[in-house]
Amino acid sequence: MDGMSGSPPTAPESPDSALLADRAAASRSVYVHIPFCARRCPYCDFTVVTQEEGGDERVADRYLTALHSEFAMEDRWGPLDAVNLGGGTPTRLTPAALGSILTALDRRFGVAASAEISIEANPEDWSDASAAALVAAGFNRVSFGVQSFDPAVLSSLGRLHNPAQATAAVRSSRSQGFASVNIDLIFGTPGESMGSWQATVDRALALQPDHVSAYGLTVELGTALSRSIRAGAPPPDPDDQADKYEYLASIAPEAGLVRYEISNYAVPGHHCRYNLSTWAAGEYFGFGLGAHDHRDGVRSRGLRRLDAYLAAVGRGDRPRAGSERLTAERIEADRLMLGLRRVAGVVPGTLGSRLLQSPEGERLVAAGVVRLEDGRLVVLRPLLTDEVNRSVLSLPSGDC
Amino acid sequence: MTDPARIRNFSIIAHIDHGKSTLADRLLERTGAISERDMRAQVLDEMDLERERGITIKANAVRVDYEAADGDTYQLNLIDTPGHVDFSYEVSRSLEACEGALLVVDASQGVEAQTLANAYLAIEEDLEIIPVVNKIDLPGADPDRVAAELVGILGGSPDEVVRVSAKTGEGIDALLENIVARLPAPEGDPGRQLRALVFDSFYDTFRGVVTYVRVVDGRMHEGDRLRFMAAEIEASAAEVGVRRPAPQRLGRLGPGEVGWLITGIKDIDLIRVGDTVTHADDASGDALPGYAEPKPMVFSGLFPTDGDDFERLRDALDKLRLNDSSLTFQPETSRALGFGFRCGFLGMLHMEIVRERLEREYDLELVSTAPSVAYLANLVDGSRMAVRSPQDLPEPNKIATIEEPYVKVMVITPSEYIGTVMELVQQKRGEMGDMTYLSPERAEIHYRVPLAEIVFDFFDQLKSRTRGYASLDYEPDEYRASDLVRVNVLLNGIPVDAFSTIVHRDKAYGYGKAMVERLRGLIPRQLFDVPIQAAIGTRIIARETVKAKRKDVTAKCYGGDITRKRKLLERQKEGKRRMKMVGQVEVPQEAFVAALKLEQ
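Keeping their order, the protein sequence lines are chains A and B.
Numbering follows numbering that gives the first Met the number 0, in which position 267 of the first sequence is assigned residue number 266; successive positions increment by one, without gaps.
Numbering follows numbering that gives the first Met the number 0, in which position 98 of the second sequence is assigned residue number 97; successive positions increment by one, without gaps.
No lab work stands behind these hints, which were simulated from the structure alone.
All clues given are correct.
Over 12 Å on every C-beta distance to chain A, these chain B residues come out as not near it, computed from the model:
(1) Asn-177
(2) Glu-186
(3) Asp-188
(4) Arg-271
(5) Glu-443
(6) Ala-480
(7) Leu-489
(8) Lys-506
(9) Pro-530
(10) Ala-534
Facing chain A, according to a computed beta carbon distance under 8 Å, are these residues of chain B, among others:
(11) Phe-527
(12) Lys-548
(13) Asp-551
(14) Ala-554
(15) Arg-565
The beta carbon of each residue, even a glycine, is placed where N, CA and C say it ideally should be.
Using the sequences and the hints, build the whole thing.
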């Protein structure tokens with residue numbers, strides 16, 4: 000009887016909905032950087048401390064202590080809608096240590112009951128036991144650095160796991176109760192064939208992930224990859240990456256995955272709230288080595304050297320390396336630059352309207368790159384988003 | 000005023016590097032005009048650029064006194080001549096001011112085309128020529144062979160060839176005696192009306208135009224009211240003097256004498272080389288023969304790389320023109336290159352010198368379009384128009400015929416390269432004329448070749464195919480009808496004026512194909528496929544496509560480092576701002592510059 004009177008279960012909002020996209024601007028999130036890695040991958044330019052560089056247990060303990068001190072330095076601001084532990088390799092720390100971070104965050108800021116609590120993990124570190132412990136500690140989302148199911152590609156990316164470990168880790172996270180599982184993939188590694196990428200996509204989708212992030216391999220300055228290319232190794236080929244991008248985009252819907260950002264796909268209800276907040280130019284705390292944050296109209300970046308970081312926190316100073324106070328112009332530029340990454344696009348506002356009225360904007364519209372759709376400015380050819388953003392930034396400065 | 004019987008006016012004719020300037024220095028030194036101590040290495044070449052390139056652009060004249068072996072003192076006027084083919088008219092006027100010339104040839108190099116061309120000019124002017132073999136002190140010198148070549152050209156006997164080393168001074172005394180003994184004295188009549196030949200002029204910031212004249216008849220005094228007959232202007236002789244080589248004000252010049260004249264005229268355009276100066280009250284109107292307007296032969300668009308420099312470029316061209324009335328320019332607008340000037344030059348070297356001076360002395364960064372020549376288009380309606388830029392050419396259906404300027408080319412080459420040179424000339428649409436052997440090893444060959452081909456890369460090709468041994472000279476010839484077409488280059492369907500060119504129909508395909516291929520490599524990928532086409536009228540003769548850019552995005556946001564991402568994009572957008580738009584296509588300035596560099 001009561002079944003008749005209760006409201007029917009609402010279908011989750013599609014990940015690419017404008018509603019979700021815009022609402023994320025108001026969400027409050029925290030990023031905690033765990034810099035430890037077994038070793039540095041050749042393409043990675045994130046702040047990382049490897050074992051060789053002294054990332055042992057003693058240092059990890061000191062780092063953990065420093066994080067707790069850092070939390071205490073910030074004003075109370077919550078409750079948090081999303082917590083993201085990234086790295087580095089967060090799972091280099093014990094589940095207990097990771098759990099203590101969540102506890103501390105909750106005590107200091109409050110974590111909403113419905114919050115997304117996510118952790119990045121490498122398949123080779125994963126086990127049923129650690130999975131169970133992380134779920135028990137409060138994590139409800141895990142993001143695996145799978146990258147590829149081709150051993151040759153994994154090896155050229157410097158990854159330490161094999162395809163079987165990746166499969167096992169995803170299955171284990173499901174069986175141990177993670178509500179949302181993401182698979183990170185990298186395409187367009189030199190030497191990766193189209194067949195290899197298709198097999199990777201097929202195997203990843205067969206695992207029925209809730210979320211997939213697929214990035215074209217990017218050559219960052221100062222990395223081993225960049226050095227080897229300068230020495231003559233082949234660079235990633237943009238056309239090859241475009242082909243691979245399009246393959247995934249064409250096949251993802253079959254697995255129930257909806258693209259909602261340039262590189263991100265989710266099953267409805269499993270969009271990444273932390274990411275959506277970033278693209279909505281939302282505010283977030285960043286804690287830990289080299290972490291970035293955005294609060295009160297200031298974007299700041301954390302110290303990248305472990306000794307400097309520990310010393311600063313030890314002195315009771317916020318471990319920041321620099322900051323940028325956002326002018327009205329920059330806020331508007333960021334809103335567009337980030338918002339246009341989303342499939343839902345962005346309300347044009349002053350800058351977007353000026354873009355559409357400029358010769359540049361007309362050119363982009365004529366080439367089918369952008370369009371005004373239901374009052375929103377959207378990018379129709381996501382692989383050309385940087386071109387659009389350069390056009391936004393090169394608009395002659397007016398009053399905005 | 001010196002008795003004309005004791006005046007000798009002469010020029011030195013020599014190929015670059017054959018030692019003209021050193022010889023001039025030595026003559027000045029030996030006659031006491033300058034001391035060794037305060038002698039600049041080469042007194043007559045005044046401009047840095049000339050010194051660097053080893054060529055003389057502006058002629059000059061120096062008077063020295065020489066006490067000859069006969070006990071008399073002679074007034075020697077050494078009149079310098081420009082040393083390059085582009086300035087052959089100026090050379091001819093300088094030679095007209097002389098009665099004789101020293102034909103100087105390097106004892107190891109032998110006769111070169113340029114030397115020979117100027118020697119022929121001297122012969123045409125009825126000058127007495129003293130052949131001189133220079134650099135006899137050098138290890139590789141072969142004065143006998145070179146003397147034989149000179150005798151072959153000029154006649155006479157090997158004994159009449161004077162052998163010197165300007166470097167060591169050997170033979171200089173003998174040369175001076177030869178000048179006095181062999182060169183004729185000027186035949187002027189002091190009693191006749193003044194007639195003086197303008198053979199050079201330059202602009203001095205303080206004095207205005209300084210004019211070099213050779214008095215033929217009559218006398219010129221300071222204060223005289225003068226008339227420039229071709230220019231039809233009058234002015235007073237404010238100062239009259241000579242250079243020794245320092246300027247010396249004399250107040251007057253008599254028949255046969257050479258010197259400078261300052262009138263207060265500021266506009267160099269008014270004083271043209273070849274004009275005749277007479278007294279304003281002279282009613283005879285009898286001008287000296289041979290005056291001609293300087294005629295630009297080669298045209299090119301000059302555009303500032305930075306559009307804001309347009310006014311600076313105009314000022315710089317105005318200033319250069321003060322000293323170079325043969326330079327012409329008029330504003331030109333290019334869709335691709337913005338605002339600039341269509342400039343006319345006497346020839347390729349003249350063009351290079353002007354460009355280099357603009358860049359060096361006026362600190363301008365320039366893009367120049369492919370040089371072209373002045374065509375004549377005979378239209379179907381019976382009219383006739385000059386075409387100095389490919390854009391000026393009417394559509395094919397309006398044109399009956401197109402004529403192009405030809406030049407008479409003289410090549411001197413070692414005999415072993417005769418075949419190679421002939422092949423080159425044939426490729427360049429040339430016709431062969433006479434060939435004579437200067438010696439068993441070297442031949443002088445005459446051709447008629449379209450100037451456009453010379454302007455393009457003939458000289459470089461000749462040099463590379465003969466390992467640098469052949470030399471070249473040319474002079475204007477007639478206009479002839481040719482099967483010429485304009486090749487347009489279209490970017491995404493829009494013609495890009497900077498790349499249009501007029502070529503012979505047989506070469507249109509080759510040009511079009513090369514240009515579109517080059518551009519394909521230079522134009523960055525755009526948001527859409529960009530066809531690059533070469534076309535004659537509406538007919539496409541070559542096509543390439545720049546495929547649309549497919550990926551231009553960085554995947555991540557640098558772990559939340561939005562500031563860095565924004566800064567990266569801002570840096571990249573600076574590159575975007577420097578792009579020029581051709582229709583909807585963004586073209587970097589560098590692509591224009593690179594595409595216009597011919598035949599690299």
